[in-house]
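Engineer: Residue-level listing of the chains:
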Amino acid sequence: MTHTNNTSAQDTQSTQDPQPTQPFEGTDHNASHEASTAAASDGASLDASLALKAKKPHGGNGRPWLWSLLAVIVVVAVIVAAAVTNGRKKAGTTSATTANDITLGMVLSPTNLDIRTQSGSALDQLLIGNVYESLLSRDSDNKAQPGLAKSWDVSSDGTVYTFHLNDGITFSNGDALTADDVAWSISELESNQYKDYDAIAGYKSVEATDDSTVVLTLDAPYSQLLWNLTGRAGLVFDKDANYDAKTQAIGSGPYLVDSFTANDSARLVANPKYWGANKAQINTVTIKYYADSNAAVNAISSGDIQTLSGVDYDSVKQLNGKGYSVQAGDDTDKMVLAFNNAKSPLTDIRVRQAIRYAIDEDSIIAARGGVDKALGGPIPDLDPGYEDLTDLYPHDTDKAKQLLAEAGYSESDPLKLTLTYANIYSTEIGDQLTSQLADAGIQLTVNRVEFSAWLSDVYTNHDYDLSLVDHNESHDFASWTNPDYYFGYNNATVQSLYKQAIASTDETQADSLLAQAAKQVSQDAAADWLFNFRVVSVWNDSVKNFPVNMNQTYLPLWQISLA
Amino acid sequence: MTGKPAQSAQAAQVAPVAQAAPAAQTAQVTQSAGQTKTSEPRSAALRSPHSQSPRAHAHVHVRVPYVVRRLAAFIVAALVQSAVIFAFLRMLPGDAAMVLGGTTATPEQTARLRAQMGLDRPYPVQYLSWLSDVLHGNLGVSQLSGKAVGAQVGVRMEVTLPLAVLGLAVALAIGIPLGVLAVTARSAKLRRALQICAIVAGSIPALWGGLLLVLIFGKGVGLLGVLPSQGFPSGGWRAPGRALASLALPALSIGIITGAQLLRYVRSALVDVCDTDYIAQAMVAGMTRAQAVRRVGLRLAAPQIVSVAGLAFASMMTGVVVVENLFALPGFATLLMNDLKGRDFLAVQSELLLLSLLFLVMGLVVDMLHHALDPRLKDAAGFGADADGGAAAVASAAVVSSAATGEGDEA
Chain A
1 MTHTNNTSAQ DTQSTQDPQP TQPFEGTDHN ASHEASTAAA SDGASLDASL ALKAKKPHGG
61 NGRPWLWSLL AVIVVVAVIV AAAVTNGRKK AGTTSATTAN DITLGMVLSP TNLDIRTQSG
121 SALDQLLIGN VYESLLSRDS DNKAQPGLAK SWDVSSDGTV YTFHLNDGIT FSNGDALTAD
181 DVAWSISELE SNQYKDYDAI AGYKSVEATD DSTVVLTLDA PYSQLLWNLT GRAGLVFDKD
241 ANYDAKTQAI GSGPYLVDSF TANDSARLVA NPKYWGANKA QINTVTIKYY ADSNAAVNAI
301 SSGDIQTLSG VDYDSVKQLN GKGYSVQAGD DTDKMVLAFN NAKSPLTDIR VRQAIRYAID
361 EDSIIAARGG VDKALGGPIP DLDPGYEDLT DLYPHDTDKA KQLLAEAGYS ESDPLKLTLT
421 YANIYSTEIG DQLTSQLADA GIQLTVNRVE FSAWLSDVYT NHDYDLSLVD HNESHDFASW
481 TNPDYYFGYN NATVQSLYKQ AIASTDETQA DSLLAQAAKQ VSQDAAADWL FNFRVVSVWN
541 DSVKNFPVNM NQTYLPLWQI SLA
Chain B
1 MTGKPAQSAQ AAQVAPVAQA APAAQTAQVT QSAGQTKTSE PRSAALRSPH SQSPRAHAHV
61 HVRVPYVVRR LAAFIVAALV QSAVIFAFLR MLPGDAAMVL GGTTATPEQT ARLRAQMGLD
121 RPYPVQYLSW LSDVLHGNLG VSQLSGKAVG AQVGVRMEVT LPLAVLGLAV ALAIGIPLGV
181 LAVTARSAKL RRALQICAIV AGSIPALWGG LLLVLIFGKG VGLLGVLPSQ GFPSGGWRAP
241 GRALASLALP ALSIGIITGA QLLRYVRSAL VDVCDTDYIA QAMVAGMTRA QAVRRVGLRL
301 AAPQIVSVAG LAFASMMTGV VVVENLFALP GFATLLMNDL KGRDFLAVQS ELLLLSLLFL
361 VMGLVVDMLH HALDPRLKDA AGFGADADGG AAAVASAAVV SSAATGEGDE A
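Chains A and B are the protein sequences, given in the same order.
First residue of the first sequence? That's 1 in full-length UniProt numbering, and the numbers climb one at a time after it.
First residue of the second sequence? That's 1 in full-length UniProt numbering, and the numbers climb one at a time after it.
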């Protein structure tokens, strides 16, 4: 069978060839040379040689690709075998080591460990309270609590703060943490204008009066000071340690940084010299950073990580109850649709108000899975000065059209605006805004750019109409009082109310002044606050006490335990 | 039936143009095809396998100036590229100081950071200081991470290099045998089917292909659930089994796609060769068509295939971006993209320079292999050097621009 098949196949092939006789025309010599070699090796007539050759493709000459195919099969087999054996090994070992290590999945990664110069909540999340400790700490209601300082006194005029430190505090390198380190850390912060140096507004001096007492003096009272000292402004560093703060961290917290690779992972191990009550319950905590949310969801589904925070609710809700818990935490993230208040046509309050009326925040929240909270103004409910302002600009397309008509726009000459935002936020939200504003007759062009380009164009050069940012900092109302900030919002009443609020020594009064200022900002339609972003966390049921609230800025790892 | 080979030959020539292959690859192929077709009378090619030894002897005398010329071109190209890379990066909006400062930085804080990083110096000063560091073997310290760029790249290459090698192995194992089969298969249906498969598989975005593989094989999420779909073991290659397993799916996702593209190149190169008289002559000499294609055709098409495979390897170093991202692999492409996003110019400069050196070295290797595989080129050594140096320069320029624009689409 093979024999006849091959011969006939070859016959058709040679008739198919368009130039079967050409080689003979000028290269007789070579052709006969080739033919004679073939004939010699076969030692027979042409017909016989053809017949012999015809059998070979299945035996000898087919080998090159057969071999390659075999090679692929072998490679795949080896890989599969390696995977299977490795899978078995892993299954065997995980149960034995669960009590002592955990892997957490996060979305945003810090770029280095230098918390004094680099911004971003991912660094706060990783280091504050875990590796470095602050003078004060914060609870899950975002209130200041004792930290390195066990107590404090405030002078009656509100300008002198005396902090009493806990006893026996040590850094992870063995150095004792004394009042000298605290005073040095604060004075370095101020003189080098490190991140959040302005969180100690009106700073005058800091002094260690003895080993465990620090006196901080201000020019004027500042009602936000205590909370601010729970964050970066209150961090205490070892004045005698010499290390590269970008790649290493020496603090007094319950964990040490074992290794850190930006955009990949951080590995923390329990600090054996830890001094205080917040002892680590899990020896090794690895945090994996996922740029791709598909990858992150795959990782938690396959058990590579035990918790995951910061992904869309819709992408993980199906895991709820199937060995996992899915929950949204309260947070101070404000998704702000920023208006360039200093640039025409947004200098016109009617235009800004029209945009606020045109936007239906509830449908945006619903499209995102319905876990976020409505937010009508610049202060979220975890911060002082919160008031529900969602009624100020209800969704009303007709009113928006009317305001636009008053401002001189019409169907033939519509308002055209550009929305510039960083590609860390989804395209969907831009699409939704485009269609909502289109209903009110506003033509929106969406320009989604890299974060660095956004920082340059929008944040630094103020070259934009509308922008979209998740401002997740707590206690950050001050940006509405700074006309040079990229919002370009300048209202003397707001600035004066804020000044009074922070200078007030009475907490209730300070809160009510802040609330007034926030209402004014919202009434002026200085921006549209789309929603109070709530961070969704998923954790494997073996994980206990995973911090759900505010875990993007403050993640007390020492609370977490394994069942 | 009679018109069939001519038709498929035409189709094959259209195919590489129609597909969305990097321009550099296409350029390289047509160039090599040009050399194969025009450079020598066919008698020489047929004779040369038998007369290789005397020619190899003569070759030694030719090679010295050729290598020198080739290296000079290499150095000039590298210098030009360093300048191009430096200039292109400075056109991007933003810098590392802004990125570190974020949305809470005051202008003074940003200016202070900029001064610390030396970003406030004039561009020529920055360029020359970087160049002199690089010439001293110092790739600099990352402005963002504070780690040495060389060490950082080294760690990432432990993932990316094996990934690219495995990917290429998969691609070659698919592309060459199936490419040959697409020409020699007796059944016209099979040939057609292979061609269609190649077009379909070659145009799958790596992201989709990867996701599909995860859904089939991914541990915990896939149907079969045998292979890890996430990350690289933290111990690296100290656990070779786990490391290899974690690279299996990523290597398959890029390997299959590149393999499908390679299949089409192999096929069209073979069809081109079949149009020449060598195959006919070999058949007259007694081989079947399939034998002639495999024995003579593959050999004649080898230089083109090597060129394409070489460039495919080099472009895999950048093409792995999507795959590394999807499989959460801490590889070189992820590093490059993150440094670019963070505007860590010093790190990106050095990384891109390394990448373009890789392209240049691949060009050099491919060129040397050409000489080994195609005896006809030995007579025209100078021509080959210029052409391949140029192609490598084009290719690495393409990398720079694709790296600069590519990250915009990524989210």
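Read the hints as simulated data drawn from the structure, not as lab findings.
In this text, all values refer to a predicted model and were calculated from it rather than measured experimentally.
Idealized CB from N, CA, C, for every residue including glycine.
Fair warning: there could be bad hints in the mix.
Stated by the list, open to error - Residues from chain B shown here face chain A by an in silico Cβ test under 7 Å; the list is partial:
#1 90
#2 93
#3 98
#4 144
#5 216
#6 230
#7 338
#8 371
Engineer: Which of the listed hints are not met by the structure?
Structural biologist: 1, 5 and 8
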